[in-house]
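Participant: Start from chain A and add chains B and C with the ligands according to the hints.
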Amino acid sequence: MSYETQGFKLDDSGKRVVVDPVTRIEGHMRVEVNLDSQNVIRNAVSTGTMWRGLEVILKGRDPRDAWAFTERICGVCTGTHALTSVRAVENALGIQIPENANTIRNIMQLTLQAHDHLVHFYHLHALDWVDVVSALKADPKATAELAQGISSWGMSSTGYFRDLQNRLQKFVESGQLGPFMNGYWGNPAYKLPAEANLMAVAHYLQALDFQKEIVKIHTIFGGKNPHPNWLVGGVPCPINVHDTGAVGAINMERLNLVSSIIDQTIEFIDKVYIPDLLAIASFYKDWLYGGGLSSQCVLSYGDIPDKANDYSAANLMLPRGAITGGDLSRIQEVDLADPEQIQEFVDHSWYTYPDGVKGLHPYDGVTNAKFELGPKLKGTKTNIQEIDEGGKYSWIKAPRWRGHAMEVGPLARYIIGYAQNKAEFKEPVEKVLKTLDVPVTALFSTLGRTAARGLEASWAAHKMRYFMDKLMANIKAGDSSTANVEKWDPKSWPATARGVGFTEAPRGALGHWLTIKDGRIDNYQAIVPTTWNGSPRDAQGQIGAFEASLMNTPLAVANQPLEILRTLHSFDPCLACSTH
Amino acid sequence: METFYEVLRRQGITRRSFMKFCSLTATSLGLGSAFTGKIAHALETKPRTPVLWMHGLECTCCSESFIRSAHPLAQDVVLSMLSLDYDDTLMASAGADAQAILEEIQQKYKGNYILAVEGNPPLNEDGMFCITAGKPFVEELKRVASDAKMVIAWGACASYGCVQAAKPNPTQATPIHKVITDKPIVRVPGCPPIAEVMTAVVTYMLTFDRLPELDRTGRPKMFYGQRIHDKCYRRPHFDAGQFVEQWDDEGARKGYCLYKVGCKGPTTYNACSTVRWNEGVSFPIGSGHGCIGCSEDGFWDKGSFYDRLTSIHQFGIESNADQVGGTVAAVAGTAVAVHAGLTALKRSRVDHDKEFPVREGGNGQWGK
Amino acid sequence: MLQYGERQDAARSATVKSIYVYEAPVRLWHWVNALAITVLAVTGYFIGSPLPTMSGEASDHFVMGYIRFAHFAAGYVVAIGLLVRIYWAFVGNAYARELFLPPFFTGQWWRELLHEIRWYAFLAPYPLKYAGHNPLAQLMMFMFFVVGVVFMIVTGFALYGEGLGQGSWADTMFGWVIPLFGQSQDVHTWHHLGMWAMATFVILHVYAAIREDVASRQSLVSTMVSGFRMFKD
Ligand code: HEM
Ligand code: HEM
Ligand code: NFV
Ligand code: SF4
Ligand code: SF4
Ligand code: F3S
Ligand SMILES: [Mg+2]
Chain A
136 MSYETQGFKL DDSGKRVVVD PVTRIEGHMR VEVNLDSQNV IRNAVSTGTM WRGLEVILKG
196 RDPRDAWAFT ERICGVCTGT HALTSVRAVE NALGIQIPEN ANTIRNIMQL TLQAHDHLVH
256 FYHLHALDWV DVVSALKADP KATAELAQGI SSWGMSSTGY FRDLQNRLQK FVESGQLGPF
316 MNGYWGNPAY KLPAEANLMA VAHYLQALDF QKEIVKIHTI FGGKNPHPNW LVGGVPCPIN
376 VHDTGAVGAI NMERLNLVSS IIDQTIEFID KVYIPDLLAI ASFYKDWLYG GGLSSQCVLS
436 YGDIPDKAND YSAANLMLPR GAITGGDLSR IQEVDLADPE QIQEFVDHSW YTYPDGVKGL
496 HPYDGVTNAK FELGPKLKGT KTNIQEIDEG GKYSWIKAPR WRGHAMEVGP LARYIIGYAQ
556 NKAEFKEPVE KVLKTLDVPV TALFSTLGRT AARGLEASWA AHKMRYFMDK LMANIKAGDS
616 STANVEKWDP KSWPATARGV GFTEAPRGAL GHWLTIKDGR IDNYQAIVPT TWNGSPRDAQ
676 GQIGAFEASL MNTPLAVANQ PLEILRTLHS FDPCLACSTH
Chain B
43 METFYEVLRR QGITRRSFMK FCSLTATSLG LGSAFTGKIA HALETKPRTP VLWMHGLECT
103 CCSESFIRSA HPLAQDVVLS MLSLDYDDTL MASAGADAQA ILEEIQQKYK GNYILAVEGN
163 PPLNEDGMFC ITAGKPFVEE LKRVASDAKM VIAWGACASY GCVQAAKPNP TQATPIHKVI
223 TDKPIVRVPG CPPIAEVMTA VVTYMLTFDR LPELDRTGRP KMFYGQRIHD KCYRRPHFDA
283 GQFVEQWDDE GARKGYCLYK VGCKGPTTYN ACSTVRWNEG VSFPIGSGHG CIGCSEDGFW
343 DKGSFYDRLT SIHQFGIESN ADQVGGTVAA VAGTAVAVHA GLTALKRSRV DHDKEFPVRE
403 GGNGQWGK
Chain C
19 MLQYGERQDA ARSATVKSIY VYEAPVRLWH WVNALAITVL AVTGYFIGSP LPTMSGEASD
79 HFVMGYIRFA HFAAGYVVAI GLLVRIYWAF VGNAYARELF LPPFFTGQWW RELLHEIRWY
139 AFLAPYPLKY AGHNPLAQLM MFMFFVVGVV FMIVTGFALY GEGLGQGSWA DTMFGWVIPL
199 FGQSQDVHTW HHLGMWAMAT FVILHVYAAI REDVASRQSL VSTMVSGFRM FKD
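Chains A, B and C are the protein sequences, given in the same order.
Each residue of the first sequence is one higher than the one before, counting from 136 in the numbering used here.
Each residue of the second sequence is one higher than the one before, counting from 43 in the numbering used here.
Each residue of the third sequence is one higher than the one before, counting from 19 in the numbering used here.
I should point out that these hints are in silico values taken from the structure, not numbers from a laboratory.
No false leads were mixed into what you were given.
As a list, the in silico EDC-like pairs of lysine to aspartate or glutamate whose alpha-carbon atoms are at most 16 Å apart: (1) A:K272 / A:E308; (2) B:K388 / C:E230; (3) B:K209 / A:D657; (4) A:K194 / B:E360; (5) A:K194 / B:D343; (6) A:K622 / B:D291; (7) A:K516 / B:E181; (8) A:K505 / B:D168; (9) B:K209 / A:D197; (10) A:K622 / B:E287; (11) C:K35 / B:D395; (12) C:K35 / B:E402; (13) B:K296 / A:D378; (14) B:K88 / A:E308; (15) B:K296 / C:E75; (16) B:K302 / A:D624; (17) A:K516 / B:D168; (18) B:K177 / A:E521; (19) A:K626 / B:D349; (20) B:K225 / B:D189; (21) B:K302 / B:D349; (22) B:K396 / C:D251; (23) A:K150 / A:D171; (24) A:K511 / A:D523; (25) C:K250 / B:D395; (26) B:K177 / A:E507.
Chain C residues, not near chain B, derived (Cβ > 10 Å throughout): (27) L46; (28) A54; (29) I104; (30) I135; (31) L154; (32) F163; (33) V165; (34) G166; (35) W187; (36) S244; (37) F246.
The following label-pair restraints were derived from C-beta to C-beta distances: (38) A:E565 / B:T259: 54 to 60 Å; (39) A:N518 / B:K62: 50 to 56 Å; (40) B:Y275 / A:G195: 34 to 40 Å.
All C-beta atoms in this analysis are idealised placements derived from N, C-alpha and C, irrespective of residue type, glycine included.
Only chain A is shown next, with the shape it has when bound in the complex:
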């Protein structure tokens, strides 16, 4: 069967290749592609292969507890669901939060952005670009020169790289390759010279050690990471910098610790992550596959409200808007409460809607699981060999914005920010394009997605500094309030209420919609970044961002899914999130 959609020609006649599990992502996912005789992908099918039923579980619960449940949707983007949830409840009940609470929440959200992007780049994505085994052939001296040439980061002496190489040598010789076992080492799609590989391996390990420092900010304000604590109406950590008992609250020592971690984070990202990103990209700038929907339809809700309680686009530091049909000159307004804009479909998802219902706005959303496979399935119900994308084939629902499948995430945010002419997004993009000497269209690619994430990590780290200074200034001005408890007691709530909360999670636009009845959750619906990106087809056959991005990509070696992983990873898929 072959047909055209969104400018892609789908053709499932070629050889079917299955990748299950897709690894180095969060959660469980499967992808199937058809290759033509040139090993070019002509059909792509992505399947979310897990479902836990959080929306069902949330029914009837206390809305003030919802943050803890939804936070457990994901431990990788930990905290972002919790923030979205408390915002949704506050929106429903009309709760205003103190300025400090907003600032602390922003610092926590930015901490997540910086951390999640860093871990993704080094530990989930790098092995798609970096050949670990090739690093054994590197000349430590040349590696040191390379490293020193691109950054003033300290750990870059010849001796350091030699030691590391020796360690690596012994590791490989032990015959126990651990996580690097059965990797695609030596695949011709790897382009880095040995020295760059060695440098990247060094930073893989350094980043692993460093990432645990960043999250300490969550620990200070939220008590732990993963899964820090949140509060409807503010933040749970009180501020006390002057008085007795300050040691039991956010005090000068705690603030200093946050501040010093922010400085280290900025330094690591700007001196290690960004230079590595540019160095690696410079060897791959001819490999511009994977753009998918990014040149057509992108969506961002915006986030990081500068001042508390104002969620209008003007007050949001991350851009808000939608682009469809590739028209960058027309940024469309996004309204999460408008029933015409966001709708979810389940034609190809393992759910059912009441008879005759096609799409549902999340305020009226229904989550009714039903596992059934299409007639052309190869295999059995419990042993799927080839899935039938003509039938239902994923635990992910299919969200659409005004009928369009959309890409969300750092690239979407940067495209929208760029199109809005916002200097803080446009300038760094242009700098990268110039450094790599590629046209602006290069942005619409796997590499563009990976680059946008790096730029955003840096942006987030610097914004942490901005909010830290703001927090200090506010405390200095005599405001230490962190929670508004006026509507803490459910008796103060109306009999029914509904609200929506949103954030820009590391992976993209995130929304939670809830309705409250008699103090309890009546309906809770989440549409998550990976729900957008990992969306299966809809009734019109429109494909989602993952599927679109794989289209027309050639594989260097047909039975090694390196390029498939590379492009999928550029979205940083999170399956626990996507299906929840």
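Facilitator: Relative to the frame of chain A, chains B and C with the ligands by itself:
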């Protein structure tokens, strides 16, 4: 990369204290000093124990927590102390190439690898709420467990079911001990568990080649033997009766006890108040929020995290012990009042049945 | 049979019969136990819902500490008291055994129980005469008090064992209760519910005792004081 010994050396441990460590190990295993040399030799040369880390229904926060470990560093655990041969979140290979590793290790190291499980298998829909390689995860879990030497249940998911098993548990998410019934399992609960507790449990198992001492419910006594409340630094305020009555009140700013805003520290076994989180930086209570009991069985279904008293679902609408019991007592009180009133109305003096003899002799009388 | 009221005057003249029922240890136990349980219920309630916050230095106060101490002390009193009371059931008079051994397998007892229920429902004209407990009282005492207090002791010491620590005597003897209920929080909940069950028993029990004492022609409260039951007809 390095052997266990080399890792210790790199961490600044001398040969002398390494040997001391080995002799301690020998003694605590009840082996006597003759074995010190053998243990040292093993730690210096033996292949790293393969660990297969499988994921079921979960949120990956246990993995995220694990990589936060500061002592030992996660990189040392993963690359030098054990051999993390399978972990779909970190491994380089994918698809069939990844699945082949499971098979290879299972055969090559039959009975000698550790299975670590994060998350749990759902049983509804024939297990297809969690699919790996086209099949129900539960099948893979049982297969890989069958030749494991020991099993680690990471987090509340693997140990108890956690959030996806909260009512009404639509997928029938099931703790792993219900499907792996013939292997020693150590439960390391928490949502997630503390990083250093996770790596300590693993290093303990590698060092002593056995499970740690477990409590009645299969948790290592060394970290789960006491409640948060037993070693909470706010405990003096609890004893004094000084509580946070409302968020951000004076008590909150002074660090009073969080009992009245729902702290579950008194009923939660974990090391948070001692080991603390993220290299000892803080823990939930240390940052002003009560413990939500995340390392306890079924902590999602005990009512609001902000209520001191548990919700009781058995009585139809949710209510707590005071509401249920208070109602019963009030009904009894009212019944008594009504009865007393009726008694007064009907008669002023109560006589006994004249014909009936006094039953004397306590219980002995019956049956006569 | 005579109707109520018709024979009052005749009855007045009847001789007073008195029987020694409750020996001193039983009486002493009863009042100590009643006091201890009152203390447990009050302190237990405040453990569940503490008093408003004390101001000032933590080291100046020990409110929760004292409340909990009183609870545990009274808990020991109840537990040891029960053991002593059980001992007395073996060595004391026949009435000392009634509390623990309702004759569930005796038809006559069930018939008289029914009669007693009818009497309380104003359906039977007279109650029957018992030197010890009447069947209904006996059933209540057993089901509410004996079962209840054992439940409270077992759950109470299981919780107490958590504080004493793993390996302590209380943990060794009663620690198994905690996983049986699920987790510690569940034991708290059931222990707390148990308090209300006890409170309900006490309300009914005290009512019945005083009602009979005031209205009937036999002694009740004074029996628990002096040990003698008096029948005035
Ligand atoms: C916490 C409070 C109390 C508890 C738990 C309690 C418990 C008991 C128990 C277990 C018995 C049976 C004794 C035996 O057979 O060994 C009993 C008997 C009795 N109690 Fe109490 N009691 C309480 C308070 C009171 C009070 C306040 C009164 C008086 C107003 C009272 C009056 C009596 C009387 C009169 C008997 C003897 C009943 C009879 O003759 O059948 N009790 N009580
Ligand atoms: C009639 C007898 C008893 C009554 C009415 C009673 C009542 C209560 C109540 C209402 C609570 C609060 C539960 C909660 O909400 O967490 C409590 C807690 C407790 N009780 Fe009892 N109790 C009784 C007997 C005992 C006994 C015999 C012991 C044994 C020592 C005991 C030990 C405890 C302990 C350790 C706690 C927990 C204290 C804490 O969490 O700080 N109780 N009791
Ligand atoms: N998709 C997703 Fe998340 C993110 N970022 C959620 O909102 O990762 Ni688990
Ligand atoms: S136990 Fe909690 S933290 Fe661990 S995977 Fe499950 S939900 Fe996440
Ligand atoms: S804050 Fe929680 S754990 Fe700490 S003393 Fe109070 S109740 Fe106990
Ligand atoms: S909520 Fe969990 S993290 Fe520790 S303090 Fe309580 S067990
Ligand atoms: Mg949803």
